[in-house]
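Line order of the protein sequences matches chains A and B. Counting from 1, one number per residue, gives the positions in the first sequence under this note's numbering. Counting from 1, one number per residue, gives the positions in the second sequence under this note's numbering.
Hints in this document: simulated from the structure, not taken from any laboratory. Some hints could be false.
Claimed, not checked - Derived lysine to any residue pairs resembling SDA-like cross-links, with alpha carbons at most 25 angstroms apart:
1. A:168 - B:40
2. A:168 - B:51
3. B:29 - A:138
4. A:168 - B:175
5. B:29 - A:137
6. A:49 - A:84
7. A:8 - A:51
8. A:168 - B:61
9. A:239 - A:62
10. A:232 - B:39
11. A:168 - B:32
12. A:168 - B:50
13. A:228 - B:55
14. A:168 - B:52
15. A:232 - B:61
16. B:29 - A:84
17. A:239 - A:201
18. A:232 - B:62
19. B:29 - A:136
As the list claims (entries may be wrong) - In silico negatives: residues of chain B with every beta carbon more than 12 angstroms from chain A:
20. 25
21. 52
22. 56
23. 107
24. 271
What the hints assert, rightly or not - Beta-carbon label-pair distances, calculated as ranges:
25. A:202 - B:92: 25 to 33 angstroms
26. A:278 - B:164: 35 to 43 angstroms
27. A:111 - B:185: 37 to 45 angstroms
28. A:162 - B:42: 16 to 24 angstroms
Note that CB positions come from ideal geometry on N, CA and C, so glycine has one too.
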Amino acid sequence: MADIQELKRIASQVRRDIIREVYGCQSGHPGGALGNTDLFVALYFEVMKHDPSFNMEAHGEDVFFLSNGHISPVFYSVLARSGYFPVEELRTFRAINSRLQGHPTTHEGLPGIRIASGSLGQGVSVACGMAIQKRMDGDDRTVFVLTGDGEQQEGQIWEAALFAPHNKLENLVLIIDDNGQQIDGPTREVLRLGSFADKYAAFGWDVMQMDGNNMEETIKVLQEARAKRNGKPTCIVMKTEMGMGVDFMVGTHHWHGKAPNKEQAEDALSQLEETLGDFPEEGI
Amino acid sequence: MLTLDKLQSSGKKATRDGFGAGLKAAGDKHDNVVMLTADLRGSMKSEEFINAYPDRFIQMGISEANMMGVAAGLSIGGKIPMTTTFANFSTGRVYDQIRQSIAYSDKNVKICASHAGLTLGEDGATHQILEDIGMMRMLPGMTVINPCDYNQTKAAVQAIVEYEGPCYLRFGRPSWPIFIPEDTKFEIGKALPLSEGTDVSIFATGHLVWYAVEAARELEKEGISVDLINIHTIKPLDEEAVIASAKKTGAVVSCEEHNMYGGLGSAIAECLSKHQPTAQEYVATKDTFGESGEAEELLEKYGLGVKDIIAAAKKAVGRKK
Numbered sequence: 001m002a003d004i005q006e007l008k009r010i011a012s013q014v015r016r017d018i019i020r021e022v023y024g025c026q027s028g029h030p031g032g033a034l035g036n037t038d039l040f041v042a043l044y045f046e047v048m049k050h051d052p053s054f055n056m057e058a059h060g061e062d063v064f065f066l067s068n069g070h071i072s073p074v075f076y077s078v079l080a081r082s083g084y085f086p087v088e089e090l091r092t093f094r095a096i097n098s099r100l101q102g103h104p105t106t107h108e109g110l111p112g113i114r115i116a117s118g119s120l121g122q123g124v125s126v127a128c129g130m131a132i133q134k135r136m137d138g139d140d141r142t143v144f145v146l147t148g149d150g151e152q153q154e155g156q157i158w159e160a161a162l163f164a165p166h167n168k169l170e171n172l173v174l175i176i177d178d179n180g181q182q183i184d185g186p187t188r189e190v191l192r193l194g195s196f197a198d199k200y201a202a203f204g205w206d207v208m209q210m211d212g213n214n215m216e217e218t219i220k221v222l223q224e225a226r227a228k229r230n231g232k233p234t235c236i237v238m239k240t241e242m243g244m245g246v247d248f249m250v251g252t253h254h255w256h257g258k259a260p261n262k263e264q265a266e267d268a269l270s271q272l273e274e275t276l277g278d279f280p281e282e283g284i
Numbered sequence: 001m002l003t004l005d006k007l008q009s010s011g012k013k014a015t016r017d018g019f020g021a022g023l024k025a026a027g028d029k030h031d032n033v034v035m036l037t038a039d040l041r042g043s044m045k046s047e048e049f050i051n052a053y054p055d056r057f058i059q060m061g062i063s064e065a066n067m068m069g070v071a072a073g074l075s076i077g078g079k080i081p082m083t084t085t086f087a088n089f090s091t092g093r094v095y096d097q098i099r100q101s102i103a104y105s106d107k108n109v110k111i112c113a114s115h116a117g118l119t120l121g122e123d124g125a126t127h128q129i130l131e132d133i134g135m136m137r138m139l140p141g142m143t144v145i146n147p148c149d150y151n152q153t154k155a156a157v158q159a160i161v162e163y164e165g166p167c168y169l170r171f172g173r174p175s176w177p178i179f180i181p182e183d184t185k186f187e188i189g190k191a192l193p194l195s196e197g198t199d200v201s202i203f204a205t206g207h208l209v210w211y212a213v214e215a216a217r218e219l220e221k222e223g224i225s226v227d228l229i230n231i232h233t234i235k236p237l238d239e240e241a242v243i244a245s246a247k248k249t250g251a252v253v254s255c256e257e258h259n260m261y262g263g264l265g266s267a268i269a270e271c272l273s274k275h276q277p278t279a280q281e282y283v284a285t286k287d288t289f290g291e292s293g294e295a296e297e298l299l300e301k302y303g304l305g306v307k308d309i310i311a312a313a314k315k316a317v318g319r320k321k
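Excised from the complex, chain A in its bound form:
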């Protein structure tokens, strides 16, 4: 049984890490990272079977792919906090000679990363490939992949959306971060996406819904999706609030790709309890 209070404490620290990473380099994408924090904590601290000593091939492990690579601050924080690399390394985010590139990459050898992402729309295909490899090799673990909702405007997504049910990839779980925002504004204004639930059901996926900022519900739905084996891939339409946890960042696309100044960062951090100890960073 999950210790929800402990997971919430971890999530609070991860949100602090996100603010401090982005403040430290004065760039990056805090909004989506904050909104997805509960999901990442649920996956890495409760739902997935995974090994922080990291082996690329991941035989016998559940695997997570981040397709919308720009929310890297939350990915890095959760990987560090779950033991993939030293927490102190978070201070190098987006700096020169760092393994923590603006968008995640295997190229610098950062443990926990299995594919580069940033150019959108590619992660679902990669996850399909790994789901097939696991099935070929008799490995019954699950492959998770997260995309943004704006990212669903990419054509390649829909090639993969046809492919997964056709190939009965029942060990594949696609999570769509349905926060309704993208860089240029609300998704309904930029390019209307309609109902993800209806679209994916029509393509032959099992569709589930969850509030991705409710830890209990997130864990329950993810565990159910992970265990399910009925010949169909699963799509979880996950409602989140961009910027969740910091009152002035909530629910607006203005913090999609913008770093807070010192005053704003201090305001944000005053709203987030330090639970596991901050990584060292000058000036804040």
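With chain A fixed as given, assemble chain B onto it according to the hints.
Leaving out everything else, chain B in the frame of chain A:
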């Protein structure tokens, strides 16, 4: 050591048939070889592999971008994915997928591309890619290979499967002379000398290697001694072989079924301008798209015929200081 005398056509088969045979052989030897195709299993001459290993064949449908991503995903857990479609749809159409999910992600994916160049023929310019070597050569860490006949293509498939890292293997549609002896060793990144000479170096890749052999025979009759070298691996280029030959002859011709920009000719010029500046003539398409027609008449129309290689060699010799 090969010589012009030994390079005789023993019949004709397409390089894509060599791919199919090589794939089956590689599949026999390595049980982690997986083939993917975007609705072109017949054109890729891969039925033998598919029939032998149906569980290692993935039909993608007409979705090349997804194919590149699925291949990258397969490779993470240790498979050796071979993506197959026409060269046009293997490169330009999916360049960003290859760049991010395969090249930048260091994935062991083999991009196997048929119907490259003008010799695709009647389908015309939409399908006749003449820019692919350039595009693929620009990607850091990508190995680029363009074999010249059935035997060499078959051997190249084996070699790329046993090499760790992303590769682009370019071959073609038409039935073409088989002239590289079957027992010739294929070594990635190693030039294959076909004939030794002293007056002019001819570096050739792909289908035009056969034309270069025929051109060399004519030139020898006219008293021009040709150092003929097959560059099957355009990247990494065998710089040592290129420099040594240029140093010996002082005149260079590059031959390829590709645009004059970005391909083999460019790779050689980049190497020689740095290490051994040498007069160079390009047998390549002249920054143009192709058109419908039969393979050999297209090669002639676009200046890639035997007579064009002969003329280029004479011109290069004439430019010697």
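Subject >> Violating hint indices (sorted, rising) >> reply: 4, 16, 22 and 23
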